[in-house]
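Asker: Chain by chain, the residues run as shown.
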Amino acid sequence: MWPFIKKEFLHIFRDYRSMLILFGMPVVQVLLFGFAITTDINDAKIAILDHSKDPVTRELTQKFLSSGYFILEQNLHSNNQIEDAFRKGEIKEVVVFENRFAEKLKKEGRADMQILLDASEPNTASMLNAYSEGIVNTFGMQQLKAANKIPLSITTESLMLYNPELKSVYMFVPGVITVLLMLVSAMMTSISITREKETGTMEALLVSPLKPLQIILGKVSPYVLLSFINLLVILLLARFVFSMPVQGNYALLLAESVLFIVMSLALGILISTVSKTQQQAMLLSMFALMLPTILLSGFIFPIENMPVILQWLSHLMPSKWFIIIIKNIMLKGVGITYFWKETLIILFLTLFFIGMSVKKFKVRLE
Amino acid sequence: MKQREEIISVENLVKKFGRFTANDRLNFSVGKGEIFGFLGANGAVKTTAIKILSGLSKPTSGKAVVAGFDVSRHPDKVKKNIGYMSQRFSLYEDMTVKENFRFYGGIYGMRRKEIRDRTAFFLKNLGMQSFENMLLKKIPLGWKQKLAFSVAILHNPRIVFLDEPTGGVDPITRRQFWELIYETAAQGTTVFVTTHYMDEAEYCERVSIMSEGRIEAIGTPAQLKEKFKVSTMDEVFLKIARYKE
Numbered sequence: 066m067w068p069f070i071k072k073e074f075l076h077i078f079r080d081y082r083s084m085l086i087l088f089g090m091p092v093v094q095v096l097l098f099g100f101a102i103t104t105d106i107n108d109a110k111i112a113i114l115d116h117s118k119d120p121v122t123r124e125l126t127q128k129f130l131s132s133g134y135f136i137l138e139q140n141l142h143s144n145n146q147i148e149d150a151f152r153k154g155e156i157k158e159v160v161v162f163e164n165r166f167a168e169k170l171k172k173e174g175r176a177d178m179q180i181l182l183d184a185s186e187p188n189t190a191s192m193l194n195a196y197s198e199g200i201v202n203t204f205g206m207q208q209l210k211a212a213n214k215i216p217l218s219i220t221t222e223s224l225m226l227y228n229p230e231l232k233s234v235y236m237f238v239p240g241v242i243t244v245l246l247m248l249v250s251a252m253m254t255s256i257s258i259t260r261e262k263e264t265g266t267m268e269a270l271l272v273s274p275l276k277p278l279q280i281i282l283g284k285v286s287p288y289v290l291l292s293f294i295n296l297l298v299i300l301l302l303a304r305f306v307f308s309m310p311v312q313g314n315y316a317l318l319l320a321e322s323v324l325f326i327v328m329s330l331a332l333g334i335l336i337s338t339v340s341k342t343q344q345q346a347m348l349l350s351m352f353a354l355m356l357p358t359i360l361l362s363g364f365i366f367p368i369e370n371m372p373v374i375l376q377w378l379s380h381l382m383p384s385k386w387f388i389i390i391i392k393n394i395m396l397k398g399v400g401i402t403y404f405w406k407e408t409l410i411i412l413f414l415t416l417f418f419i420g421m422s423v424k425k426f427k428v429r430l431e
Numbered sequence: 266m267k268q269r270e271e272i273i274s275v276e277n278l279v280k281k282f283g284r285f286t287a288n289d290r291l292n293f294s295v296g297k298g299e300i301f302g303f304l305g306a307n308g309a310v311k312t313t314a315i316k317i318l319s320g321l322s323k324p325t326s327g328k329a330v331v332a333g334f335d336v337s338r339h340p341d342k343v344k345k346n347i348g349y350m351s352q353r354f355s356l357y358e359d360m361t362v363k364e365n366f367r368f369y370g371g372i373y374g375m376r377r378k379e380i381r382d383r384t385a386f387f388l389k390n391l392g393m394q395s396f397e398n399m400l401l402k403k404i405p406l407g408w409k410q411k412l413a414f415s416v417a418i419l420h421n422p423r424i425v426f427l428d429e430p431t432g433g434v435d436p437i438t439r440r441q442f443w444e445l446i447y448e449t450a451a452q453g454t455t456v457f458v459t460t461h462y463m464d465e466a467e468y469c470e471r472v473s474i475m476s477e478g479r480i481e482a483i484g485t486p487a488q489l490k491e492k493f494k495v496s497t498m499d500e501v502f503l504k505i506a507r508y509k510e
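If you're matching them up, the sequences are chains A and B in order. If you count by the numbering used here, then the first sequence holds residues 66 to 431, one letter each, in order. If you count by the numbering used here, then the second sequence holds residues 266 to 510, one letter each, in order.
No lab work stands behind these hints, which were simulated from the structure alone. Heads up, the beta-carbon is just placed ideally off N, CA and C, and yes, glycines get one too. Mixed in with the good hints there might be a few duds.
[Said to hold, decoys possible] Taking beta-carbon pairs under 10 angstroms as the criterion, some of the chain A residues facing chain B (in silico):
#1 W67
#2 P68
#3 K72
#4 L75
#5 L181
#6 S185
#7 T189
#8 T264
#9 L271
#10 V272
#11 S273
#12 P274
#13 Q279
#14 K341
#15 K406
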């Protein structure tokens, strides 16, 4: 079997495309998800239209700009300029203070300000709105307190557990690990097995004294190793580029990942038994594995918010269970007692896929 | 026919796929060192027979003994003693000539030195020493075909099965290819070859002609030509096909 594994590595190293997928993808994906597709907002450009220009509005403006969420792009002087400011596209929010703001506040106990948002990016808009309201509310409370007008003050103190800074990297790293292990293991093996079918070398292997099991093991074992290296690369990137720690047990994390790798390999073999060409295998892996993994596993979109049918479908996604497991290990640092059920499900799926592919493989031989 | 040690013997072999009978009660035997041509218009039917004889697929009924082993009971032992080459060519394009030899030698359990010596021998014989470290995809088809044949007999099998080995190759290369077949047979390896080129049928020591899953004629080319009172194998073939209609 050794010559077989050696030959498999030759195939991988001589094909620049597979090298790119194997070693370029993990780095690019982690960096992309970590830096570019971040949902955190910093330094949103805003404009301020201050009709009042009194000490209170100046103080409030200062609060906005020192929050870290906003930077001042432009001071506006009339309502007509608002439309223009948004059209240029750089400004996400305009804060408008009404005339005689401080005076009204003092005399009538209320004054109006307006927050205008560019909702062509709805998520950004609603987040900026929440930040703005937060700033204004805090300011209002402080003013009241200073004036001793409320005897009772309730302050909420929120504590974000497991991800105190609400970094989106914490959410993406488990997802990226899942997608990549699946991609490398299932797609690459199914493609490499169907390639042998396509070129006719599979026949030559089958008439050789090698047993079918040896052929399959020889084909998949290089990918186990490469997937494992990939996993380490992603974890290192997460640790040193995004300073995302692993709270739980490393050994447990690696063991669960190996289980998931083996499951994906079995799935890859199954795909290769039903597809005749490399292209078929690639399309099957893409549509049957990649898209559902990204969309239905809870990687990006929370499963709880999906329609019931999709929630049911998501139960069938092996990746969903794996994401739960690694989130538990990496973020919460809990042990196997908290996710033995998920582990069992993956184990069961692994056996199921292996059983199916062995059966299919035999049928094909007949 | 000269009395020779039998290396393939087939008795009442039947292979059915559902209601379709691919091989219907085949009976024939092949002697050691013989070049046996297995002819027929339907490629799939020939391939089915080769799959059974090489232990890949089990017969529905009947018996086939190859290299002394029953194919349905000891397919593994059969596999060790045979070589195989198909028209859909079995070498890896992204590996060099040497690496291909080393790989196939390896999966047949040959020792490193043995592989090295045999590789050197074959390359010298083909005059291809300079190709040793070249990637397969850079080598022209005719040469690749000869290399594939050498790889199929690298482990010194007792029988080599060639399934339309010369498909798509120019006439000169085909001739050279047949010279290789003769050399191999002269060293005692049995050659079991399917082809649809009737001129190649003339090169075989004995041929069988299949039609609709049955063997319609078997014998030396000379015997068959005499029997059907014609002068070429092509005409023999046509007569059998017409007779069936």
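Asker: None of the hints should be skipped; say for each whether it holds.
Answerer: Consistency of the hints with the structure:
The interface hint given for W67/A holds, since its Cβ lies 7 angstroms from the closest Cβ of chain B, which is under the 10 angstroms cut-off. The restraint placing P68/A at the interface with chain B holds, with a minimum CB-CB distance near 3 angstroms, inside the 10 angstroms limit. Given the 10 angstroms rule on beta carbons, the hint for K72/A holds: about 5 angstroms separates it from the nearest Cβ of chain B. Taking 10 angstroms as the C-beta cut-off, the interface hint given for L75/A holds, the closest approach to chain B being about 6 angstroms.
Residue-level restraint check for L181/A is violated (minimum Cβ-Cβ distance to chain B is 60 angstroms; threshold 10 angstroms). For S185/A, the suggested interface contact is broken, since its CB lies about 49 angstroms from the closest CB of chain B, more than 10 angstroms. Nearest Cβ of chain B to the Cβ of T189/A: about 48 angstroms, over the 10 angstroms cut. The hint is violated. Of the supplied interface hints, the one on T264/A holds, with its beta-carbon coming within about 7 angstroms of a beta-carbon of chain B, less than 10 angstroms.
Satisfaction of the interface hint for L271/A is found here, the shortest Cβ-Cβ separation to chain B being roughly 6 angstroms, below the 10 angstroms cut-off. At about 4 angstroms, the closest approach between the beta carbon of V272/A and any beta carbon in chain B falls short of 10 angstroms, and the interface hint on this residue holds. Annotation: S273/A was flagged as interfacial toward chain B, and the flag holds, the nearest CB pair being 5 angstroms apart, inside 10 angstroms. Taking 10 angstroms as the C-beta contact cut-off toward chain B, the hint placing P274/A at the interface holds, the least distance being around 5 angstroms.
Interface restraint check for Q279/A: the shortest CB-CB distance to chain B comes to about 9 angstroms, inside 10 angstroms, so the restraint holds. With its C-beta approaching chain B no nearer than about 13 angstroms, K341/A sits outside the 10 angstroms limit, and its interface hint is violated. With a least beta-carbon distance of about 42 angstroms to chain B, the hint placing K406/A at the interface is violated under the 10 angstroms criterion.
In terms of the numbered hints stated before, the structure departs from hints 5, 6, 7, 14, 15, listed from lowest to highest.
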